[in-house]
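Use the sequences and the hints to build the structure in full.
Okay, here's what each chain looks like letter by letter:
2 protein chains.
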Amino acid sequence: MTALSERSVPTVSSEELATAAGVNSAKLRKDFSYLGSYGTRGVGYDVEYLVYQISRELGLTQDWPVVIVGIGNLGAALANYGGFASRGFRVAALIDADPAMAGKPVAGIPVQHTDELEKIITDNGVSIGVIATPAGAAQQVCDRLVAAGITSILNFAPTVLSVPDGVDVRKVDLSIELQILAFHEQRKAGEEIAAPEEAAGAVPPPPVAPHRAPSAAPGADSGRQGPDGDVPAVMPA
Amino acid sequence: MTALSERSVPTVSSEELATAAGVNSAKLRKDFSYLGSYGTRGVGYDVEYLVYQISRELGLTQDWPVVIVGIGNLGAALANYGGFASRGFRVAALIDADPAMAGKPVAGIPVQHTDELEKIITDNGVSIGVIATPAGAAQQVCDRLVAAGITSILNFAPTVLSVPDGVDVRKVDLSIELQILAFHEQRKAGEEIAAPEEAAGAVPPPPVAPHRAPSAAPGADSGRQGPDGDVPAVMPA
DNA sequence: CAGTGTGAACGGATTCACAGCC
DNA sequence: GGCTGTGAATCCGTTCACACTG
Numbered sequence: 024m025t026a027l028s029e030r031s032v033p034t035v036s037s038e039e040l041a042t043a044a045g046v047n048s049a050k051l052r053k054d055f056s057y058l059g060s061y062g063t064r065g066v067g068y069d070v071e072y073l074v075y076q077i078s079r080e081l082g083l084t085q086d087w088p089v090v091i092v093g094i095g096n097l098g099a100a101l102a103n104y105g106g107f108a109s110r111g112f113r114v115a116a117l118i119d120a121d122p123a124m125a126g127k128p129v130a131g132i133p134v135q136h137t138d139e140l141e142k143i144i145t146d147n148g149v150s151i152g153v154i155a156t157p158a159g160a161a162q163q164v165c166d167r168l169v170a171a172g173i174t175s176i177l178n179f180a181p182t183v184l185s186v187p188d189g190v191d192v193r194k195v196d197l198s199i200e201l202q203i204l205a206f207h208e209q210r211k212a213g214e215e216i217a218a219p220e221e222a223a224g225a226v227p228p229p230p231v232a233p234h235r236a237p238s239a240a241p242g243a244d245s246g247r248q249g250p251d252g253d254v255p256a257v258m259p260a
Numbered sequence: 024m025t026a027l028s029e030r031s032v033p034t035v036s037s038e039e040l041a042t043a044a045g046v047n048s049a050k051l052r053k054d055f056s057y058l059g060s061y062g063t064r065g066v067g068y069d070v071e072y073l074v075y076q077i078s079r080e081l082g083l084t085q086d087w088p089v090v091i092v093g094i095g096n097l098g099a100a101l102a103n104y105g106g107f108a109s110r111g112f113r114v115a116a117l118i119d120a121d122p123a124m125a126g127k128p129v130a131g132i133p134v135q136h137t138d139e140l141e142k143i144i145t146d147n148g149v150s151i152g153v154i155a156t157p158a159g160a161a162q163q164v165c166d167r168l169v170a171a172g173i174t175s176i177l178n179f180a181p182t183v184l185s186v187p188d189g190v191d192v193r194k195v196d197l198s199i200e201l202q203i204l205a206f207h208e209q210r211k212a213g214e215e216i217a218a219p220e221e222a223a224g225a226v227p228p229p230p231v232a233p234h235r236a237p238s239a240a241p242g243a244d245s246g247r248q249g250p251d252g253d254v255p256a257v258m259p260a
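Those protein sequence lines, which keep their order, are chains A and P.
Just so we're aligned, residue 24 is where the first sequence starts under the working numbering, counting upward by one.
Just so we're aligned, residue 24 is where the second sequence starts under the working numbering, counting upward by one.
Hints are computed from structural coordinates only; laboratory data are not their basis.
Everything hinted at is true.
25 angstroms max Cα-Cα, derived DMTMM-like pairs, lysine to aspartate or glutamate: (1) P/Lys211 <-> A/Asp166; (2) A/Lys53 <-> A/Glu39; (3) P/Lys211 <-> A/Asp146; (4) A/Lys142 <-> A/Asp121; (5) A/Lys50 <-> P/Asp196; (6) A/Lys211 <-> P/Glu80; (7) P/Lys50 <-> A/Asp196; (8) P/Lys142 <-> P/Asp86; (9) P/Lys50 <-> P/Asp69; (10) A/Lys142 <-> A/Asp86; (11) A/Lys142 <-> P/Glu208; (12) A/Lys211 <-> P/Asp54; (13) P/Lys211 <-> A/Asp54.
Computed beta-carbon distance windows for the label pairs: (14) A/His136 <-> P/Pro122: 34 to 40 angstroms; (15) A/Val66 <-> P/Gly159: 32 to 38 angstroms; (16) P/Pro122 <-> A/Glu39: 39 to 45 angstroms; (17) P/Asp138 <-> A/Thr25: 30 to 36 angstroms; (18) P/Asn103 <-> A/Asp166: 21 to 27 angstroms; (19) P/Val183 <-> A/Thr145: 36 to 42 angstroms; (20) P/Ala212 <-> A/Ala44: 25 to 31 angstroms; (21) P/Asp188 <-> A/Val46: 16 to 22 angstroms; (22) A/Ala26 <-> P/Pro133: 35 to 41 angstroms.
Glycine included, C-beta positions come from ideal geometry on N, C-alpha and C.
See the structure below:
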C-alpha cells in the first residue's frame with residue numbers, strides 16, 4: 024500500500040490488494056471491514072486514507088521511543104536500520120556494557136553505558152526495549168529493563184527470557200527462517216526417491232518402520248514472501 | 024527438547040512438552056503422529072530419538088552451505104551468529120561488493136568480492152543465499168544468485184524480490200516484530216478511554232464514524248515467545 | 001495404569017454469494 | 001457496471017475422549 028501511495032495511485036480494489044498479498048479478496052474485505060467501512064462501493068479503497076487508518080490502528084502513527092541494549096554487530100545493524108523511523112520507532116538510546124564503547128557514536132547516536140540504563144528509560148518514557156546482547160547477559164539485562172518500567176521486549180539473544188506477567192516478550196531467532204528454507208529445499212531435492220537413507224549415524228535408527236505418514240506440506244499459495252505477521256501469545260491480561 | 028537432551032532426561036510425555044510449548048497436548052501428539060509412531064504408550068517419547076527424528080524431518084541433519092552477500096553490520100552479525108552451525112548451516116562464503124572488504128576476515132572467514140559470486144556458488148554447491156545488502160542492490164544480487172543456481176533466498180533487505188518460479192524467497196523485516204510489540208503496547212495503554220483522539224494531522228479524519236468494531240486481539244495463551252515458525256507459501260510445485 | 005494414537009465433535013476462520021450502493 | 005460489506009455455508013485446524021498398548 025505504501026508503494027501504491029508513493030506512486031500516487033488514488034484507489035485500489037480489494038481484488039488487487041488481495042492478489043498482491045496472496046490472499047482471497049473476500050477475506051481482505053472482511054478484515055478491513057473490522058476497522059470500519061473505509062471503502063467506496065463500485066470504486067474501491069482510497070489508498071491514502073486506508074494507509075492512514077491502518078497505520079493508526081496498528082499504532083504506527085505514534086512515536087515509540089526504543090532502547091537497544093548490546094551494541095555489537097547486531098545492535099549496530101539495528102541502530103542503522105532504516106525501517107524503524109518510518110514505522111514510528113525512534114531509537115532513544117544505545118546501551119552497552121563495554122566502557123570502551125561509551126560515547127562512541129553508532130548510527131549518529133552516542134553509546135551509553137549500562138549504568139545509565141534505568142535513568143535513560145525513565146527520562147525518555149521508553150516502554151519498548153531491544154536486547155541484542157550475548158545470551159549470557161540477556162536475562163540480567165531483561166530484569167533491569169523490566170525493573171525500570173519496560174513492558175515490551177524484543178529479544179535477539181538465543182535464550183528464552185522469563186518475565187513477570189504483563190510484560191510482553193518476542194524472540195527473534197535468525198536461524199529459523201533459514202531452517203524453513205532448508206526444509207523446503209529438502210523437499211525440492213527429495214522429489215526423486217521416497218527413501219532418503221540417512222548417512223550421519225548418531226542415533227541408531229531404532230525399530231518402528233517410519234511409516235511416512237500424510238506429512239503434507241502446508242498450503243501452496245502464490246508469492247507471499249516472509250513470515251506471517253502473527254500476533255499470538257501474551258495478551259495484556 | 025535439546026535442553027532436555029542435554030540434561031540427559033530419557034523420556035518426555037506429550038503433556039510436559041505441550042506445557043513447555045504452550046499448546047494443547049493432543050495437538051502435540053497428533054502432530055508428532057504425522058511423523059510416525061515415535062512414542063511409547065504408558066511411557067512417553069524417547070528424547071534422543073525424537074530429537075533425531077524431528078531434526079531429520081526438518082532437514083537439520085544435512086549440511087547446508089550458505090553464502091551471505093553484503094557484509095555490513097547485519098551481514099557480519101549473521102556471520103558471527105552461533106545458532107547456524109548447530110542447525111546444520113555452514114557459512115560457505117561471505118561476499119561483498121566493496122573491493123576494500125575483500126580478503127578481510129569476518130568471523131574467521133575471508134570476505135570475497137562479488138565478482139566471485141557465481142564461481143563460489145557453483146564450486147560449493149550452495150543452494151541457499153542470504154541477502155544482507157542495502158535495498159538498492161538486493162534485486163540485482165538476487166538475480167545473480169538465481170542465475171548461479173541458488174533456489175532459496177533469505178532476504179533482509181527492505182525490498183520485495185521478484186524471482187522465477189521454483190525459487191523460494193523469505194523476507195525478514197526487522198521492524199515487524201517491533202510493530203507487533205507496539206500494537207500490544209498501544210492496547211495496554213488504551214485500556215483507559217475508548218476514544219484515542221489522534222494528534223498528528225496528516226490525513227484529515229474524513230467522514231465515516233470509525234465504528235470501533237469487534238477488533239478483538241488474538242488468543243491469549245501462556246508464555247509463548249516469538250513468532251510462530253510458520254511454513255506458508257511456495258511449495259515445490 | 002499411565003500415556004500414546006486417533007476417530008469424532010467442535011468451533012473459529014475462510015470463502016461464497018449476493019444485496020446494496022456509488 | 002463495478003465493487004464493497006456481510007450473512008450464510010463451508011472448510012479445516014484444534015480439542016475431546018477413549019480404545020489400545022507397553
